[in-house]
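Engineer: Next come the chains, spelled out residue by residue.
There are 4 protein chains.
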Amino acid sequence: MAFEVFETYESEVRSYCRKFTSVFQTAKGSKLWDEEGREYIDFFNGAGALSYGHNNDYIKERLIDYLQKDGIIHGMDMYTGAKRDFIEYFQESMLKPRDLNYKIMFTGPTGTNAIESALKLARKVTGRTNIFAMMGAFHGMTMGALALTTDMSSRKGAGVPLHDVTHIPAPYMFPELDTVAYMERLITDDHSGVEKPAALVLETVQAEGGIYVFDIEWLQRVAAFCKKYEILLIVDDIQVGCGRTGTFFSFERAGIKPDMVALSKSIGGYGLPMAILLFSPELDIWKPGEHNGTFRGNQLAFVAAKAALEFAKETNLYDNVKKKGEIIKNFLENEVKPLDENIEIRGMGCIWGIDFGKVGPVGTSRKVLDECFKNNMLIELAGRDDCVLKPMPALTIPEDELLKGLEIIKKSTQKVLAQLHGQE
Amino acid sequence: MAFEVFETYESEVRSYCRKFTSVFQTAKGSKLWDEEGREYIDFFNGAGALSYGHNNDYIKERLIDYLQKDGIIHGMDMYTGAKRDFIEYFQESMLKPRDLNYKIMFTGPTGTNAIESALKLARKVTGRTNIFAMMGAFHGMTMGALALTTDMSSRKGAGVPLHDVTHIPAPYMFPELDTVAYMERLITDDHSGVEKPAALVLETVQAEGGIYVFDIEWLQRVAAFCKKYEILLIVDDIQVGCGRTGTFFSFERAGIKPDMVALSKSIGGYGLPMAILLFSPELDIWKPGEHNGTFRGNQLAFVAAKAALEFAKETNLYDNVKKKGEIIKNFLENEVKPLDENIEIRGMGCIWGIDFGKVGPVGTSRKVLDECFKNNMLIELAGRDDCVLKPMPALTIPEDELLKGLEIIKKSTQKVLAQLHGQE
Amino acid sequence: MAFEVFETYESEVRSYCRKFTSVFQTAKGSKLWDEEGREYIDFFNGAGALSYGHNNDYIKERLIDYLQKDGIIHGMDMYTGAKRDFIEYFQESMLKPRDLNYKIMFTGPTGTNAIESALKLARKVTGRTNIFAMMGAFHGMTMGALALTTDMSSRKGAGVPLHDVTHIPAPYMFPELDTVAYMERLITDDHSGVEKPAALVLETVQAEGGIYVFDIEWLQRVAAFCKKYEILLIVDDIQVGCGRTGTFFSFERAGIKPDMVALSKSIGGYGLPMAILLFSPELDIWKPGEHNGTFRGNQLAFVAAKAALEFAKETNLYDNVKKKGEIIKNFLENEVKPLDENIEIRGMGCIWGIDFGKVGPVGTSRKVLDECFKNNMLIELAGRDDCVLKPMPALTIPEDELLKGLEIIKKSTQKVLAQLHGQE
Amino acid sequence: MAFEVFETYESEVRSYCRKFTSVFQTAKGSKLWDEEGREYIDFFNGAGALSYGHNNDYIKERLIDYLQKDGIIHGMDMYTGAKRDFIEYFQESMLKPRDLNYKIMFTGPTGTNAIESALKLARKVTGRTNIFAMMGAFHGMTMGALALTTDMSSRKGAGVPLHDVTHIPAPYMFPELDTVAYMERLITDDHSGVEKPAALVLETVQAEGGIYVFDIEWLQRVAAFCKKYEILLIVDDIQVGCGRTGTFFSFERAGIKPDMVALSKSIGGYGLPMAILLFSPELDIWKPGEHNGTFRGNQLAFVAAKAALEFAKETNLYDNVKKKGEIIKNFLENEVKPLDENIEIRGMGCIWGIDFGKVGPVGTSRKVLDECFKNNMLIELAGRDDCVLKPMPALTIPEDELLKGLEIIKKSTQKVLAQLHGQE
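Chains as they are written, first to last, in my numbering: chain S, 135 to 558; chain P, 135 to 558; chain G, 135 to 558; chain W, 135 to 558.
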């Protein structure tokens with residue numbers, strides 16, 4: 135009867151709860167507890183929104199303090215101390231050391247809103263309407279962002295045809311095709327039928343597409359291509375930014391400087407709704423209020439965001455991600471991949487994919503997930519036909535919990551593979 | 135130098151801060167304090183997001199408690215105790231007593247996201263693409279909702295033409311035209327050129343349009359029209375719901391039952407980002423995850439939302455709004471309107487408009503606002519050419535503060551009118 | 135078996151042949167003969183394309199002569215003698231006497247192509263995307279023009295939503311509404327949601343909409359409105375131009391000068407495909423070949439077009455149209471309208487409508503048409519639910535044939551009304 | 135002064151006349167004469183509309199006869215003897231021998247209208263909105279067809295963004311990419327972002343794209359792909375049908391059967407406007423009149439069309455095209471290509487391209503054209519940057535005239551190449 139309220143009154147659109155069939159009450163770090171006291175290890179991580187772990191004490195203290203002293207909570211886009219503290223800290227400790235001179239736009243507190251803002255600004259700056267987006271991409275569910283998002287299930291929800299976007303093959307899709315040369319041909323061939331875009335939007339690691347890490351060289355060539363043709367390069371770092379790949383911005387490894395960067399999910403530090411759009415100052419031709427929204431000034435999130443950045447610095451968090459990435463990689467390569475020669479392993483830092491697409495029928499990955507959940511682990515799927523199991527722990531996960539989680543994945547995979555082969 | 139950080143690093147898109155040129159630090163009830171200790175009275179109210187006042191103690195206590203006990207904060211759309219508590223309370227104390235059997239969809243935590251969800255579902259249910267929206271309406275800034283929003287400044291931000299919406303004249307625009315008969319003609323005349331819509335979206339009181347209260351009879355005829363032609367009636371109660379007009383839902387006064395209702399702003403109780411979409415159960419044909427988003431499960435907001443509803447019940451808050459509405463109306467009609475025969479007063483409950491459109495040149499209202507701010511009051515403009523001063527205090531404002539605020543408006547108006555006439 | 139070839143091999147999209155169920159072989163003036171020798175009187179007139187009658191001898195002679203001497207027939211948009219002759223004659227005898235300084239664009243030889251050209255140019259000149267079109271309008275069936283066309287059956291054929299057009303209520307639809315003031319409000323109200331258009335497109339007499347003649351005063355106010363706001367006024371004179379209303383251009387009666395005029399149908403003189411777009415010289419910012427098409431240089435049509443204009447001049451044709459208009463009007467008002475008090479008569483010149491919409495159920499007009507056909511007359515329907523019988527004879531019809539035709543209409547109406555009342 | 139009338143009164147959109155700066159008066163076979171008596175050889179061929187030569191006597195006789203006996207000229211879509219004769223002959227002598235059971239739709243008499251009809255029907259039949267079109271394609275200039283057309287100059291004329299089409303790389307653009315596999319991936323990958331199309335539209339020989347002949351094997355694989363996924367295959371045979379490539383339908387060489395075929399240009403036989411759409415009977419779900427137009431029944435063109443087919447049969451015309459193709463090919467390969475190693479020769483039958491793209495700067499091809507015109511030849515350019523000279527003589531051209539024309543091309547090329555190298 136625990137789910138009756140939800141099943142009766144909440145819309146059928148709900149999804150994660152169908153996989154994680156418990157009522158959760160409390161959480162800490164990489165653990166959650168449901169109302170019956172059962173403990174879970176979290177390799178799902180709020181789809182990337184909980185990089186600092188659940189209810190991180192360092193942040194929590196600041197939030198309670200801010201609430202207790204009646205710090206202003208709702209601030210629209212007014213000037214507030216909490217916002218100023220965040221901006222200053224973000225500029226001084228994150229942007230300047232990376233030689234990035236971005237201005238900050240506080241968009242509505244969701245990733246999709248940051249992307250919508252970026253599209254509006256890119257079209258406004260260039261006077262062009264078309265946008266290049268990568269096949270395999272996910273950028274959000276409101277109508278502007280949804281036109282970029284590639285999965286058919288989401289797109290069909292639109293109810294109207296989606297326009298003004300040209301989808302570019304991701305390099306892993308057609309290895310024989312030089313996708314940068316392809317884009318160059320599209321915009322220099324006066325008979326391509328494809329309009330020169332205002333911007334190219336991409337994730338440096340496609341997450342929902344199935345955990346595909348784009349090559350450094352490819353990223354650099356893309357950046358050079360965009361610069362050459364005055365196409366704005368917009369990096370959607372909503373899921374793989376904030377240290378997830380081992381550097382704060384996911385594009386640092388390629389040494390490129392996008393024209394715009396969208397951040398959300400873990401930027402709010404504590405799982406609180408927040409999103410920002412960064413862009414080069416010369417692009418800042420917005421008129422006052424031209425894009426707005428009621429919750430752009432979620433002060434509690436600003437307090438948490440600053441605290442999270444401080445915490446990361448003090449714990450040298452982002453650098454440690456690389457080490458954890460090695461642990462995960464080694465485990466997956468050495469312990470999981472050998473279970474079936476058709477398993478593919480992809481990822482970096484604290485975002486990985488175990489691709490069962492060639493292992494068994496569609497649904498195999500889901501069976502592994504279900505087995506993981508039986509073993510008290512939250513973990514998600516991604517990619518084509520949801521065939522990719524996606525271990526994505528908090529950046530803060532202790533090594534023993536990380537290994538424990540990986541073991542659950544291994545055992546669950548073994549069990550499902552045994553069933554699979556038994557059926558044959 | 136207080137604003138230097140903002141002016142250097144924050145995007146030019148910022149707007150309210152240009153009117154309210156202070157750095158705010160703390161807030162309580164209907165008051166805010168800036169970093170220099172100056173106190174302000176709040177007739178702006180977070181654009182309607184702070185109906186229970188700033189940092190309401192009843193709610194605050196619950197939030198701190200929830201944080202302290204490590205209640206799960208980020209919950210995607212998983213089942214949680216906090217969400218169940220909210221759903222149950224909302225169903226039992228808000229919907230059932232009003233004989234409303236809505237299901238609840240937790241959309242991304244912004245009003246525009248709730249509207250996008252409603253549009254998707256309406257198109258999905260009906261198989262139609264067109265939407266009717268009212269001239270004067272504001273429904274949000276992401277591309278789906280923006281197509282409905284009417285102000286040109288916002289629309290131009292789109293960067294591409296906006297489609298699939300037919301704008302219907304609001305009844306106050308052409309009093310000689312029966313707008314319901316007009317809509318009926320559009321969809322029954324086989325040569326109108328206007329496709330039958332999936333839905334009609336409206337605010338029962340147009341807020342951003344300039345505080346226009348739609349007649350009960352008109353609302354009833356609209357509801358009957360929609361029912362007759364199987365067009366879904368979607369009420370956007372984001373700004374004027376949650377008791378703002380004297381009943382929890384703004385449409386209660388008309389005795390109608392919309393097919394969908396969008397709530398945001400004050401539904402989060404404490405100014406925390408939250409939005410929900412309510413709809414009749416038979417419309418709930420969503421597939422799992424067909425519309426999603428990372429912050430649909432902002433548990434802290436659910437805790438605040440439930441607490442706010444309890445608080446409202448215990449303090450008989452919504453009923454008191456009617457009384458405050460009378461106070462405001464009497465003051466504006468008797469003290470402000472007589473200052474100039476061309477002033478128009480409109481509104482109800484705790485949302486009012488003082489229309490200076492016929493009083494002086496465009497910009498007159500802004501001068502009154504500036505004068506109010508000099509007298510330590512936050513207040514906004516709305517409507518055509520921003521000609522309408524918009525007193526919108528918290529529902530919880532004590533009577534003495536309310537009167538004090540109204541006096542500031544009166545004095546500010548007097549001063550500006552004196553300048554205006556002196557110039558002539 | 136006469137129709138077997140058609141019914142077996144021609145698409146189901148065919149329509150007129152379903153009403154006029156004969157195989158036609160020859161034609162002359164206002165008469166046609168089918169393969170069985172049966173003679174018909176033509177009040178259908180090729181939907182307005184045969185204003186000079188079938189196979190007009192004056193024109194025919196020129197065509198045969200041109201063919202015999204191997205005059206160039208297909209000329210793309212090359213310079214030819216036939217084209218020069220047409221241009222010169224059209225400028226000297228049609229435009230200059232009317233003080234119209236239009237340039238001529240030879241578009242693809244169909245009305246819809248002329249409209250598509252006008253829309254492209256209007257958008258190019260103004261940089262705006264929206265177009266105002268009147269409810270009740272018909273402007274063509276290709277996708278650009280179809281977005282303006284209002285009848286639902288045609289619009290549904292599009293297969294995709296139609297965009298970038300705002301439909302304006304025709305003045306007869308809501309007599310209480312000042313439609314010019316309405317348009318002015320739409321573009322001056324910064325919260326209308328309706329973008330200022332590049333152009334307003336209209337027929338001065340709505341033909342397919344049901345034969346509605348727009349008032350001179352209304353047309354003048356519309357022209358002034360367009361001029362004031364720099365909106366291009368485009369008159370679609372495809373059906374009601376070329377003398378149909380008693381002047382060569384239908385807008386002459388209002389003394390206005392549209393920015394663009396589309397002509398087709400009878401401009402080709404002999405029923406040959408031809409279309410032109412006229413526009414003020416300062417609008418001529420086309421780049422070479424920016425709109426093109428293979429049959430823009432249908433030289434045979436140019437020869438016929440010039441001959442037709444000469445013929446009209448020699449026979450004082452257009453002035454005589456007014457006289458015929460009086461004859462038709464008197465007959466319809468005095469002989470047909472009295473048959474049923476609910477019959478409505480509308481029209482001018484040689485285009486009239488007998489509206490059965492209030493006389494009997496949908497389909498009544500069709501019965502009258504069928505009865506007319508039984509009595510050897512071709513005539514069409516128009517308007518809402520096809521309720522309007524549309525007598526539209528050639529401008530050249532002799533008075534006796536005109537009266538004979540009108541008698542057929544009267545008798546057919548009488549018969550159907552008798553059946554109708556007998557059924558009650 | 136010869137051009138003054140045109141330059142003063144005709145729109146700047148005119149294009150061919152800027153290359154062929156003469157006023158043409160008469161024409162016969164492959165020759166034209168201007169008003170000064172100068173004779174030209176025609177390798178332009180009305181952009182493919184004059185495959186039977188100018189003013190072909192066999193056809194001419196029928197036209198004059200039809201005119202003289204007052205055969206009905208304008209017939210809307212009524213049943214007429216001329217139409218029936220055409221249908222019967224076309225079915226019996228063209229379709230049945232090829233085992234093609236198409237129904238015929240008489241669309242508006244332009245190629246673009248036939249394409250618009252095809253798009254509407256494809257969307258209607260499948261319920262899908264997207265269309266696949268090939269990069270390099272040209273399909274027309276009205277808004278529906280223009281969305282498919284690829285050259286940027288044409289597309290920019292639209293004035294609004296063009297939608298609902300996905301452009302597929304032509305196989306010659308990225309030889310390393312298997313374009314059929316590419317399309318298959320787009321519609322089977324649930325994360326491609328590209329909606330399954332209603333239809334794939336293609337020319338089997340891209341004409342305006344630069345004379346690219348698609349491989350038989352590729353065409354067969356495309357046809358199989360379309361069949362497998364129930365995507366309608368629409369062949370645009372407007373320019374390269376009617377025997378241009380050596381068979382009546384250009385796709386015969388591949389042994390495929392498209393679902394729809396668009397014909398225009400030379401189908402009218404004598405350069406008269408005509409267009410038809412052929413489709414499989416099971417697709418014929420049109421409602422009566424759902425796509426219409428005033429000039430669908432251009433009877434004179436039907437008379438010419440039938441006569442042209444008879445003429446072709448009697449003269450064994452289409453088979454002779456292959457022989458002429460060999461002559462042209464040999465000449466171009468042996469006499470023209472050796473003039474510069476960077477010249478590329480492409481084509482088949484009576485449509486060829488001499489690609490100067492790699493020979494010299496953009497504009498080189500135009501210089502060759504100008505030189506040809508000085509030598510009394512009409513010839514056009516095509517392709518990227520207009521770099522391809524396009525010899526496209528009438529199918530009926532006598533061998534001596536053909537060789538004479540080819541010599542002009544050779545000499546003109548030599549002269550321009552000499553200038554080019556002299557300049558360096």
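Keep in mind that the hints were calculated from the coordinates and are not lab data. A quick note: this is a predicted structure, and the numbers were derived from the prediction, not measured. Be a bit skeptical, because a hint or two may be false.
Straight line, CA to CA, 27 Å or less: simulated DSSO-like cross-link-like pairs of lysine-lysine [said to hold, decoys possible]:
#1 G:K421 x W:K290
#2 W:K330 x W:K457
#3 G:K290 x G:K361
#4 G:K203 x W:K153
#5 G:K162 x P:K362
#6 W:K230 x W:K203
#7 S:K290 x P:K258
#8 G:K162 x G:K538
#9 S:K162 x P:K330
#10 W:K456 x G:K203
#11 P:K258 x S:K421
#12 G:K463 x P:K330
#13 W:K545 x W:K501
#14 S:K362 x W:K544
#15 G:K421 x W:K362
#16 W:K330 x P:K421
#17 W:K492 x G:K194
#18 S:K492 x W:K362
#19 S:K165 x S:K362
#20 G:K501 x W:K421
#21 W:K362 x S:K290
#22 S:K471 x S:K162
#23 W:K330 x S:K492
#24 G:K290 x W:K544
#25 W:K545 x G:K508
#26 G:K361 x G:K258
#27 S:K330 x G:K194
#28 S:K457 x S:K544
#29 G:K538 x W:K194
Per the computed footprint, the stretches of chain P lying under chain S, defined by three or more beta-carbons under 8 Å from a beta-carbon of chain S, are [stated by the list, open to error]:
#30 349–363
#31 490–502
All residues carry an ideal CB built from backbone N, CA and C; glycine is no exception.
Engineer: So if I understand the rule, the pair passes when the alpha-carbon distance is 27 Å or less; does K290 (chain S) with K258 (chain P) pass?
Structural biologist: Measuring from Cα to Cα gives roughly 9 Å; hence the hint holds.
Engineer: Just to make sure I understand the rule, a stretch counts as covered if three or more of its residues have a C-beta closer than 8 Å to a C-beta of the chain. Does the segment 490–502 of chain P meet that for chain S?
Structural biologist: violated (count 0)
Engineer: Between K330 (chain W) and K457 (chain W), is the straight-line Cα distance small enough, at 27 Å or below?
Structural biologist: It is violated: about 41 Å lies between the C-alpha atoms, which goes past 27 Å.
Engineer: Between K330 (chain W) and K421 (chain P), does the CA-CA distance stay at or below 27 Å?
Structural biologist: holds, 20 Å
Engineer: Going straight from one Cα to the other, do K330 (chain S) and K194 (chain G) come out at no more than 27 Å?
Structural biologist: violated, 52 Å
Engineer: Need the status of pair K545 (chain W), K501 (chain W): alpha-carbon distance at most 27 Å?
Structural biologist: Roughly 12 Å separates the two Cα atoms, so the pair holds.
Engineer: Is the straight-line distance between the alpha-carbon of K471 (chain S) and that of K162 (chain S) 27 Å or less?
Structural biologist: violated, 31 Å
Engineer: Quick one, are K463 (chain G) and K330 (chain P) close enough, alpha carbons at most 27 Å?
Structural biologist: Between K463 (chain G) and K330 (chain P) the Cα gap is close to 37 Å, so the pair fails against 27 Å, i.e. violated.
Engineer: Sort out whether K362 (chain W) lies within 27 Å of K421 (chain G), counting only the CA atoms.
Structural biologist: Answer violated: K421 (chain G) to K362 (chain W) is near 43 Å, above 27 Å.
Engineer: Hint check: K421 (chain G) vs K290 (chain W), CA-CA at most 27 Å. Holds or violated?
Structural biologist: holds, 11 Å
Engineer: Keeping to a limit of 27 Å between CA atoms, is the pair of K162 (chain S) and K330 (chain P) held or broken?
Structural biologist: violated, 52 Å
Engineer: Given the proposed pairing of K361 (chain G) with K258 (chain G), does the C-alpha separation stay at or below 27 Å?
Structural biologist: Roughly 18 Å separates the two Cα atoms, so the pair holds.
In summary, the numbered hints that this structure violates are 2, 3, 5, 6, 9, 10, 11, 12, 14, 15, 17, 19, 22, 24, 25, 27, 29, 30, 31.
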